[in-house]
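Could you put the whole structure together from the sequences, leaning on the hints where they help?
Those protein sequences? They're chains H and L, same order as listed. Note that the UniProt record's numbering has the first sequence beginning at 1, numbered continuously upward. Note that the UniProt record's numbering has the second sequence beginning at 1, numbered continuously upward.
Hint data in this document are derived by calculation from the structure and do not stem from the laboratory. C-beta atoms are modelled at their ideal positions from N, C-alpha and C, and glycine is treated no differently. Be aware that one or more of the hints could be misleading.
[As the list claims (entries may be wrong)] Each pair of labels, with its calculated beta carbon distance range:
| no. | chain 1 | residue 1 | chain 2 | residue 2 | range |
| --- | --- | --- | --- | --- | --- |
| 1 | L | 132 | H | 247 | 24 to 32 angstroms |
| 2 | L | 140 | H | 146 | 37 to 45 angstroms |
| 3 | H | 112 | L | 174 | 37 to 45 angstroms |
| 4 | L | 114 | H | 91 | 24 to 32 angstroms |
| 5 | H | 109 | L | 96 | 21 to 29 angstroms |
| 6 | L | 94 | H | 293 | 53 to 61 angstroms |
| 7 | H | 150 | L | 43 | 46 to 54 angstroms |
| 8 | L | 90 | H | 110 | 31 to 39 angstroms |
| 9 | H | 50 | L | 14 | 52 to 60 angstroms |
| 10 | L | 174 | H | 370 | 39 to 47 angstroms |
[As the list claims (entries may be wrong)] Using 27 angstroms as the maximum straight-line C-alpha spacing, the simulated DSS-like pairs for lysine-lysine come out as follows:
| no. | chain 1 | residue 1 | chain 2 | residue 2 |
| --- | --- | --- | --- | --- |
| 11 | H | 123 | H | 109 |
| 12 | H | 341 | L | 140 |
| 13 | H | 109 | L | 140 |
[Claimed, not checked] Chain H is faced by these chain L residues, among others (derived, beta-carbon under 8 angstroms):
| no. | residue |
| --- | --- |
| 14 | 97 |
| 15 | 98 |
| 16 | 125 |
| 17 | 126 |
| 18 | 140 |
| 19 | 141 |
| 20 | 143 |
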Amino acid sequence: MMAEIQGSNSPMVLRRVTGADGIPRVIVEGNCTLTALGERIRPIAAELSEYATTPELQWDLTQIARMDDAGAVLLWRGWGNQRPRYLFLRPEHERLFDRLEETWTPPSKVAPDRLWPIMVLGKAVFLLWEHLVGLVILMGQLVLEIKYLAGRPSRIPWREISANLYRTGAQALGITALVGFLIGVVLSYLSSRQLQIFGAHIFIVNILGISVIRELGPMLAAILVAGRSGSSMTAQLGVMRVTEELDALTVMGIPHSLRLILPKVIALGLAMPLVVLWTSAVALIGGMTVAELQLGLGYKFFLSRLPDAVAVSNLWLGLGKGIVCGMAIALISCHFGLRIKSNTESLGEGTTNSVVTSITVVIIIDAIFAVIFSDVGLR
Amino acid sequence: MPKNNCIIEVEELYTQFGNHVVHENIGLCVQFGEVLTLVGGSGSGKTALMRQMLGLETPAQGTVKVFGEPLRGRNRQQIQNMRNRCGVLFQKGALFSALSVYDNIALPMRELRTLDEDMIRDLVMLKLEMVEIAPVHANKMPAELSGGMIKRIALARAMALDPELLFLDEPTAGLDPELSEGFVKLIKTMQSELTFTIVMATHDLDTLVALSDRVAVLADKRLVALGTLREVIHTQHAFISNFFCGVRGRKTLENNSIL
Chain H
1 MMAEIQGSNS PMVLRRVTGA DGIPRVIVEG NCTLTALGER IRPIAAELSE YATTPELQWD
61 LTQIARMDDA GAVLLWRGWG NQRPRYLFLR PEHERLFDRL EETWTPPSKV APDRLWPIMV
121 LGKAVFLLWE HLVGLVILMG QLVLEIKYLA GRPSRIPWRE ISANLYRTGA QALGITALVG
181 FLIGVVLSYL SSRQLQIFGA HIFIVNILGI SVIRELGPML AAILVAGRSG SSMTAQLGVM
241 RVTEELDALT VMGIPHSLRL ILPKVIALGL AMPLVVLWTS AVALIGGMTV AELQLGLGYK
301 FFLSRLPDAV AVSNLWLGLG KGIVCGMAIA LISCHFGLRI KSNTESLGEG TTNSVVTSIT
361 VVIIIDAIFA VIFSDVGLR
Chain L
1 MPKNNCIIEV EELYTQFGNH VVHENIGLCV QFGEVLTLVG GSGSGKTALM RQMLGLETPA
61 QGTVKVFGEP LRGRNRQQIQ NMRNRCGVLF QKGALFSALS VYDNIALPMR ELRTLDEDMI
121 RDLVMLKLEM VEIAPVHANK MPAELSGGMI KRIALARAMA LDPELLFLDE PTAGLDPELS
181 EGFVKLIKTM QSELTFTIVM ATHDLDTLVA LSDRVAVLAD KRLVALGTLR EVIHTQHAFI
241 SNFFCGVRGR KTLENNSIL
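Quick look at the structure:
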């Protein structure tokens with residue numbers, strides 16, 4: 001027993017001898033195992049196939065101390081995937097080669113597919129169609145759930161809505177404030193330098209007011225929330241799929257759309273306009289600070305000018321964008337979350353796709369708003 | 001090299017999670033070529049002890065030596081060599097869900113960087129045949145497989161490098177009786193064909209009786225018995241008499257003519 005442990009490192013050796021009867025034979029000795037072979041596997045394979053070119057060679061494998069599958073496969077491949085004509089084996093090794101003889105099949109060649117560009121394109125088109133249909137179905141389900149809840153107000157998932165409101169709204173205040181303030185500062189600084197050239201200091205209020213309230217505030221908030229809350233929603237649903245929690249809910253008769261998706265969509269629809277308002281306000285504060293330092297315009301003046309420079313419809317437009325974007329982000333994230341299959345790669349891929357899609361959709365929504373409301377709030 | 005044929009030596013091991021003491025002064029030696037089964041009630045620290053033998057957790061006190069060397073204080077190459085000589089079958093299989101069945105088994109072989117792709121293919125097919133999985137399943141993903149198949153493929157992956165030491169964590173948990181009997185038979189034939197040492201944690205008496213050479217019983221934070229099954233069942237201890245001499249235990253032991 002002891003010798004076997006200690007012998008585990010003596011490597012495999014091939015010895016060519018000529019027997020007393022003048023017949024050449026190869027004696028294989030030592031340990032024919034993967035650990036013992038290590039780096040020497042290639043030289044030994046080459047040596048083996050060289051010997052195998054002589055068919056009348058006798059192979060003596062009785063001196064092998066230990067042999068495992070890898071060792072057997074090495075010999076087998078060396079012989080060209082067949083038994084040599086003369087082979088001496090220990091009975092316990094017989095089985096290894098028997099099994100190899102049974103399982104070995106020539107590798108099948110896969111024919112190259114010439115139509116692959118069409119296949120790839122077709123698959124992409126079908127995938128897009130699948131996503132669109134999926135989203136429409138999801139929205140339809142939510143409408144049905146709302147209809148159901150309208151009749152039974154006691155079943156409205158208040159707790160889930162408030163938890164989501166806290167997670168997507170309250171916890172996003174820090175990051176949106178930081179980014180909003182910095183953008184306000186940068187925008188104000190760059191604009192004021194240009195305005196100084198023309199002596200048009202006053203118009204900093206118009207530039208900041210319109211751009212932040214109508215465009216930048218909603219967009220910044222939407223993109224940040226899409227990255228932050230969208231990814232977490234997708235990942236949450238995805239992990240619930242992996243751990244079969246979604247199935248557990250179904251089995252208990254709790255529909256996903258009612259308890260998981262609807263609260264998220266409602267909560268983000270409520271939280272987003274508030275986050276937009278907050279981001280715009282902080283961005284304006286940043287802008288005002290720089291306007292005072294750079295152009296000497298006081299806070300009081302800035303604030304009193306603001307209602308004249310920016311029509312209040314711009315604010316409503318910004319908040320409206322917030323509601324639509326928030327619900328779209330939640331819907332898309334949930335759609336991708338539900339599509340995740342129970343494996344790790346799908347989880348990563350789904351989360352990435354969800355964030356990329358929601359940011360893209362947010363920008364598309366912004367463009368649509370710009371076209372539809374092109375003559376609202378602008379003078 | 002290891003003294004007294006010990007592949008794994010556990011000496012004066014203490015385990016503690018926070019204020020909760022799990023093991024107190026455990027000493028154990030796993031001998032070459034044997035099948036040692038760890039048994040104990042829930043929370044008795046079977047899995048914790050196994051994880052410490054694997055080096056996944058570090059004991060609060062004491063040493064664990066695998067292949068005669070302590071687990072701690074080895075360099076990267078030594079750790080890799082040790083890992084290549086061990087195979088582990090996790091309770092839920094732990095197949096990489098992003099890889100196909102074929103790639104799961106091929107992964108440890110590819111990591112060696114000494115085998116070429118053709119040889120890996122032959123070896124993978126051989127391992128699949130060994131665990132009685134038809135080649136058509138080789139390109140499936142783990143998510144498409146049944147629990148029994150996942151277990152068998154996980155065993156094939158654990159055996160990929162023909163390890164000298166195999167750890168089985170609840171090998172038959174979650175399998176139906178027929179499947180688990182087949183699984184036990186499979187491990188038994190493999191062990192007789194390719195001599196290796198097995199450390200196993202299990203709750204399943206049938207598996208325990210069928211496979212183990214020696215049994216280690218963990219209870220009351222200690223190793224209360226260590227020896228062959230016959231020796232262990234004659235030890236006086238509350239857990240042992242409950243576990244082996246309850247209605248189910250008695251039946252299994254009688255069926256296997258141990259009592």
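These are the hints, each one checked on the structure:
In this structure the hint that residue 132(L) and residue 247(H) lie 24 to 32 angstroms apart at CB holds, the actual value being about 29 angstroms. Distance hint check for residue 140(L) and residue 146(H): the Cβ-Cβ separation is about 41 angstroms, which falls inside the suggested range of 37 to 45 angstroms. Between residue 112(H) and residue 174(L) the CB atoms are about 42 angstroms apart, so this pair conforms to the stated range of 37 to 45 angstroms. In this structure the supplied range 24 to 32 angstroms holds for residue 114(L) paired with residue 91(H), their Cβ-Cβ distance being about 29 angstroms.
Checked against the hint of 21 to 29 angstroms, the C-beta distance between residue 109(H) and residue 96(L) comes to roughly 27 angstroms, which is consistent with it. Roughly 59 angstroms separates the CB atoms of residue 94(L) and residue 293(H), a value that falls within the hinted 53 to 61 angstroms. Between residue 150(H) and residue 43(L), the C-beta spacing of about 50 angstroms keeps the proposed range 46 to 54 angstroms intact. At about 33 angstroms, the CB distance of residue 90(L) to residue 110(H) agrees with the hint of 31 to 39 angstroms.
At about 57 angstroms, the beta-carbon gap between residue 50(H) and residue 14(L) stays in the expected band of 52 to 60 angstroms. The hinted range of 39 to 47 angstroms is not satisfied by residue 174(L) and residue 370(H), whose Cβ atoms lie roughly 57 angstroms apart. Taken as a hint, the residue 123(H) and residue 109(H) pair is honoured in the structure, with Cα atoms around 25 angstroms apart against an allowance of 27 angstroms. For the hint pairing residue 341(H) with residue 140(L), the CA-to-CA distance comes to about 14 angstroms; that is within 27 angstroms, so the pair holds.
The straight-line distance between the Cα atoms of residue 109(H) and residue 140(L) is roughly 19 angstroms, inside the 27 angstroms bound, and the hint therefore holds. Proximity of residue 97(L) to chain H holds as hinted, the smallest CB-CB distance being about 3 angstroms (cut-off 8 angstroms). Given the 8 angstroms rule on beta carbons, the hint for residue 98(L) holds: about 4 angstroms separates it from the nearest Cβ of chain H. With its C-beta approaching chain H no nearer than about 5 angstroms, residue 125(L) sits inside the 8 angstroms limit, and its interface hint holds.
Taken as an interface hint, residue 126(L) checks out: its beta carbon lies about 5 angstroms from the nearest beta carbon of chain H, inside 8 angstroms. A distance limit of 8 angstroms between C-beta atoms decides the matter here; for residue 140(L) the minimum to chain H is near 12 angstroms, and the interface restraint is violated. The beta carbon of residue 141(L) comes within 7 angstroms of a beta carbon in chain H, closer than 8 angstroms, and the hint placing it at the interface holds. About 5 angstroms separates the beta-carbon of residue 143(L) from the nearest beta-carbon of chain H, less than 8 angstroms, and the hint is met.
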